[in-house]
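Residue numbers (our numbering): -18 to 83.
Hints are computed from structural coordinates only; laboratory data are not their basis. Just to be clear, a hint being listed does not mean it is correct.
Derived Cβ-Cβ restraints for the label pairs, each shown as a range [as the list claims (entries may be wrong)]:
{"id": "1", "residue 1": "Gly24", "residue 2": "Thr1", "range": "16 to 26 angstroms"}
{"id": "2", "residue 1": "Gly2", "residue 2": "Thr81", "range": "17 to 27 angstroms"}
{"id": "3", "residue 1": "Gln42", "residue 2": "Pro71", "range": "10 to 20 angstroms"}
By construction, the Cβ of each residue, glycine as well, lies at the ideal position given by its N, Cα and C atoms.
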Amino acid sequence: MPKINPTQESQTQSVATSSTGANFVELPNNVADEVTIIVLAAGVGLDIMIGHGAGSNDFIQVDAPSGLTLPLCGNTAEVRVRRTDQSNTPATVRFFWRRTSA
């Protein structure tokens, strides 16, 4: 029977979007294999950019309420977020990361 690799570590955290609106904010540094970004606030969509070599137009948009799970190459800091409407009112972005590799 194959062994199932249980989650070794996980945590829920949050980050505030930029007070300037147009800037992307990097998620805090956590060693992880995947991250789920939770968009809760009604009317607040998110632009999500993955990877530090991404160009200024290389992002996806996620509307509220929803969530998106992304595979990572090792760290939650690979992901950056901003409000889709680029409002200067910070919004709290909750995310859940998991690390299953040793």
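Hint check:
Distance hint check for Gly24 and Thr1: the Cβ-Cβ separation is about 20 angstroms, which falls inside the suggested range of 16 to 26 angstroms. Between Gly2 and Thr81 the beta carbons are some 35 angstroms apart, a value that contradicts the proposed interval 17 to 27 angstroms. Checked against the given bound of 10 to 20 angstroms, the beta carbons of Gln42 and Pro71, roughly 18 angstroms apart, stay inside it.
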